[in-house]
Amino acid sequence: MNQVQVLTLLVLLPPLISFAWNGVVIPWRRAGKPAAWLSILAILTSFVASLVLAKTVLASPGPYSWEWTWLPFQNFKPIIVGFYIDPLAALMLVVVTLVASMVQIYSLGYMSEEPAGSLGRYYTYHSLFSFAMLGLTASASLLQIYIFWELVGLCSYLLIGFWYQKPSAANAAVKAFWTTRLGDVGFALGIVVLWAHTGTFALPELFHKVEAGQIATSILALTMLLVFFGAMGKSAQFPLHIWLPDAMEGPTPVSALIHAATMVAAGVYLVARIFPLYSHAESVMTFIAYIGSFTAFFAATIALVQEDIKRVLAYSTISQLGYMMAALGVGSVMAGFFHLFTHAFFKALLFLAAGSVIHAMHTNDIWKMGRLAKPMKQTAIVFIIGTLALAGVPPFAGYFSKDEIIIKVVESGMVLPAIFALATVFLTAFYMFRVVFVVFFSHREPEGHPHESPAVMTGPMWFLAALSVVAGFLFKGLFEKFFGHAAEAMETAQEAATAASHVPGWLPILTLILALGGILLAYLIYQKEAISHERLRAQFRPVYVMLQKKYWMDDIAYFLYRRVLVGGLSVICGWFDRYIVDGIVNLVTWLTRKSGEILRLLQNGVVQDYLYGVIFGLILFILLGIF
Amino acid sequence: MQHFPVLSLILLAPFLGALLTMFQPKEAYYRVRIIPAIAAGITLILSIYLLLKYDRSIGGFQFIEHYPLIPQLGISYHLGVDGMSLALVFLTAFIIFTGVFASWTILERTKEFYTLLLLLVTGVFGVFVSLDLFLFFLFYELAVLPMYLLIGVWGSSKYIKPRGIFARMIQEVGVGTKEYAAMKLTLYLLFGSAFILVGLLTIYKVSGLNTFDFLELNAHKIDPRYQKFLFPIVYIGFGVLAGIWPLHTWSPDGHASAPTAASMLHAGVLMKLGAYGVVRVGMQLMPQGATEWVWLVGTIATINIVYGALSAMWQMDLKYIVAYSSVSHMGIVMLGAATLNEPGLNGSVFQMVSHGIMTGLLFALVGLVYEKAHTRDILAMGGFGKRMPGIATFFTIGGLTSLGLPGLSGFVAEFLVFLGAWQAKQWYWLVPGVLGAFFTAVYVLRALKIIFWGPFNEKYKDLPDAIGTEWVALAVLSGVLILLGVVPFILLHPIDVSVMELLSKFKGVLP
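Chains as they are written, first to last, in the working numbering: chain Z, 1 to 627; chain H, 1 to 511.
In short, the hints are calculated from the structure, not lab data. Heads up, a few of these hints could be off.
To be verified - Computed cross-link-like contacts, SDA-like style, restricted to lysine to any residue with a CA-CA straight-line distance of at most 20 Å: (1) Z:Lys77 <-> H:Gln423; (2) Z:Lys476 <-> Z:Asn171; (3) H:Lys161 <-> Z:Lys166; (4) H:Lys161 <-> Z:Val581; (5) Z:Lys55 <-> Z:Val4; (6) Z:Lys77 <-> H:Lys221; (7) Z:Lys166 <-> H:Ile378; (8) Z:Lys550 <-> Z:Asp365; (9) H:Lys425 <-> Z:Asp365; (10) H:Lys221 <-> H:Met500; (11) Z:Lys77 <-> H:Lys53; (12) Z:Lys368 <-> Z:His451; (13) H:Lys386 <-> Z:Pro167.
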């Protein structure tokens, strides 16, 4: 085994071992704290290993891949599982282990009020999630990605429903599973069809085949579109985004890890991972660009009116994922993946900070908070850092990555996505600073007695805050070096189309003005109260209602589930089965029984009746004999 | 290869167990339970031995035992297993072993119960290891009949409010009672047997070999003109037991009324007898007939998948939900068979095993929940997860297997069938197949949510979790599900060998 193999196993195995141990040794799990420490120890080991792995891989990029047979075939090539490590995977491993470590440490404080048994269960799920997410990242085949893809979905389901006795949490958990599963129907169909036409799931082989032009364009477009449906479900792209805001019912650290930084980014990662395939399916790329940019804009508008601090962040996550998708759609892996990278840090940070607020206030409603900057200074500072990063203010991390995306989208010459992308900059700055001003600075007195969170919670927050500041300018060169390549290849393919559009020099300045404008407007409305937000609300009532109702998307989904599926198709089938299919069976039974009852009258045991019968028969025979 | 008569021992162990149990005094609480447990344990060990010793580089039927019984008619005692039947023997051994433990709490006529259970399983093993069609049919009937008594005596009744245009009739025939269920199931299966008997005798006659021996018939090519109408006869005959639509309605009623171990065996193993029969007798002996008719087999299978899942969604009785999920999953088995290609048939056989183990687990769990909460109506439950965390965990594992979650065996099976479906002539079968998996996710998670999640119902504050021997079935079956989900090749290697042999008969037949 070479060094990369050993390191990959060192990244993957500790969470698996922790999961297996915590899962099987029940007293250990029930004790709570030991399970937590084991899980944290495991993920920290993985983190260190992933850093070393990243260093190795970045020094000599590979790609490294090795595989084993999983399903034997004779007529076909056996189906393999294995690992495929290149800079993309290595960096993603670092992101996952880093955020997961921080979140697990933070959870020690956040979940301190849980009973020991629940705490053990919580960390067991966390270990499984880490393993599945890392496995997804390091997968060497599409099938294997699908396997771990479903497993992270399972963990998401289990952790959203962690407080399973709360009906809202239970409903949110199943909704998340169903919605992503609906997308996965596409994913499954896509890889099955792709396998039928290429005979393999292995990534290196697929890349090779597509480069050699051995996959028909129509098949490639079809399968990539189907696979993208899976990515839409997981990365909460319109219209399959509906599960993510509800997923906020889970514990806040879970939202930070799974529903902000890692699992929801899996869809983006998937597209980036098999980008060589996507780049040969241009029509699908355009579709991705439109879906992504529309989602970015669409979710940002809903975030404007949310009153639950976590839901603002949730819609913001959807919006940012839309950005990443848009970047991939216009052919820039670098911009998309770079934004995934920075977003993981500052969005996890924002969630952890929001968790710190919720932990202190025991409410999610921003209107019940106010002036928290004073009692919770550290939380306020890190939250503002995260917000600045998200809003795209230099020199914070988000500025670099978002700028890159906007440049690439404008460069592509697609008008609508460009408008969406630019408008979202303004909206993002506005809705985030709305929260900042209302929660941390407004004149309202907070309810209860808020207090700063313990060091076990603030520590991870500061760590992520530091990364949110520096990750942008520190790593931009790195990303350009390793992923700029794919973008170039795409550009040459599209050169004719995009040659006309040049990026104007004033574009970065425009985005900055938009961001600052958003901040200023939020300041005027929510801090200075120079413009009354109540009056605004009254004035634009139809728009407000539409946003408040989230464009009725949830209602449509509920209608489809409740009335069409469960209350419609299933009733028809169930009823048909019980009363028609089985009804006919019972009819036969009933007829048999009835005819038996009637014929039984002939055998009534009365001798006279039999005699009548005999005589009647005799007469009949005589008559028959005569004629 | 020299070996001791493993297969005869597998047949004898439950049969002698049944005899021994029968002659125990009624009061011997432990003896009437330990003897069946040991008998089942022996078969379990022997079946694992078979799996380890089966030489897949040679393939074909192994562990052959051959003694003539009635040479004049070409009937002989001929046993042997190939990869396919091996997988099913493995399945049966696990289900009977855990079924014995799942029935531990039966107090009424215990020894008769275990006697019948072991007799039934003797029949099941017999079907899987027979290489003589006469013997095959004999064991088949032995497997079908004890179920009548098991349901009729130890079953449970449930009042079903009659509605709809047949309401009066439904009331009069007694839908929902155990006697009704037992009678319906038995009549249905005997109806199927009639077809099978006709099919087998016709094969015997038209082959002109004057033998029931499977290997000889397998080597012989049956006249394609006969195959064309023989295949549907055999398909309907075995299909009834495999729960093909619209001949499936015996299965929800039967499974719902049967006692736990009987449901486990029936849904877990007996339904596979049907599917196995279609593949073994139908497809292997009549490739031309099968090719001619697969469009029907596959279409009905897709109906099974989607229709079964949607019907399960409508049910509010836990046992009916699991029973309809069997109808849906047997659709996957039949769809895989209908693809007539390597991934599809591998998936089909693997799904037989996977679904058998899974549904065994689920019925064991339903039995436990019913025993403790005294209700099967899921709407009356709620928040059980707090009081029975163990049962909730295992139920989740079973449910997740059912919806095809990777890492559990159901995924491997379903995915293989999907791979096969796209390559079949009727590629569009893939779509209902995958959609069925989605619908399964809907009803399974919905049921789990209603039963185990949500606010805790104070009425059930004294609800106990599983205890003692009750854990055996849950732990063993869940373990197998995970094992087969992670390392499916331990079973797929032998299955693949036999599937390839089966497919070699289709060379030149398939376009």
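Problem - Straight-line alpha-carbon gap Lys368 (chain Z) to His451 (chain Z), limit 20 Å - result: Status holds; Cα separation ~15 Å.
Problem - 20 Å Cα cutoff - pair Lys77 (chain Z), Lys221 (chain H) - result: Violated. Lys77 (chain Z) to Lys221 (chain H) sits at ~31 Å, over the 20 Å cutoff.
Exercise for the section: For the pair supplied as a hint, Lys386 (chain H) and Pro167 (chain Z), confirm whether the alpha-carbon distance does not exceed 20 Å. Expected result: With a Cα-Cα distance of about 14 Å, the restraint between Lys386 (chain H) and Pro167 (chain Z) holds, given a limit of 20 Å.
Exercise for the section: Assess, step by step, whether the Cα of Lys77 (chain Z) is no farther than 20 Å from the Cα of Lys53 (chain H), and give holds or violated. Expected result: violated (26 Å)
Problem - Straight-line alpha-carbon gap Lys550 (chain Z) to Asp365 (chain Z), limit 20 Å - result: holds (17 Å)
Handout entry: Pair hint outcome, Lys55 (chain Z) versus Val4 (chain Z) [Cα-Cα no greater than 20 Å]
Key = holds (10 Å)
Problem - Restraint status (C-alpha distance of Lys161 (chain H) to Lys166 (chain Z) at most 20 Å) - result: Violated - the C-alpha atoms of Lys166 (chain Z) and Lys161 (chain H) are around 33 Å apart, more than 20 Å.
Exercise for the section: Mind checking the alpha carbons of Lys425 (chain H) and Asp365 (chain Z) for me, to see if they're no more than 20 Å apart? Expected result: violated (57 Å)
Practice task
Take the C-alpha atoms of Lys221 (chain H) and Met500 (chain H), compute the straight-line distance between them, and say whether it is at most 20 Å.
Solution key: Given that 20 Å is the threshold and the Cα spacing comes to 18 Å, the pair holds.
Exercise for the section: Take a quick look at whether Lys77 (chain Z) and Gln423 (chain H) sit within 20 Å of each other, Cα to Cα. Expected result: The given pair, whose Cα atoms are some 15 Å apart, holds under the 20 Å limit.
Problem - Straight-line alpha-carbon gap Lys161 (chain H) to Val581 (chain Z), limit 20 Å - result: holds (17 Å)
Problem - Proposed proximity, Ile378 (chain H) with Lys166 (chain Z) (alpha carbon, max 20 Å) - result: holds (18 Å)
Hint compliance for this structure: hints 2, 3, 6, 9, 11 are broken, all remaining hints hold.
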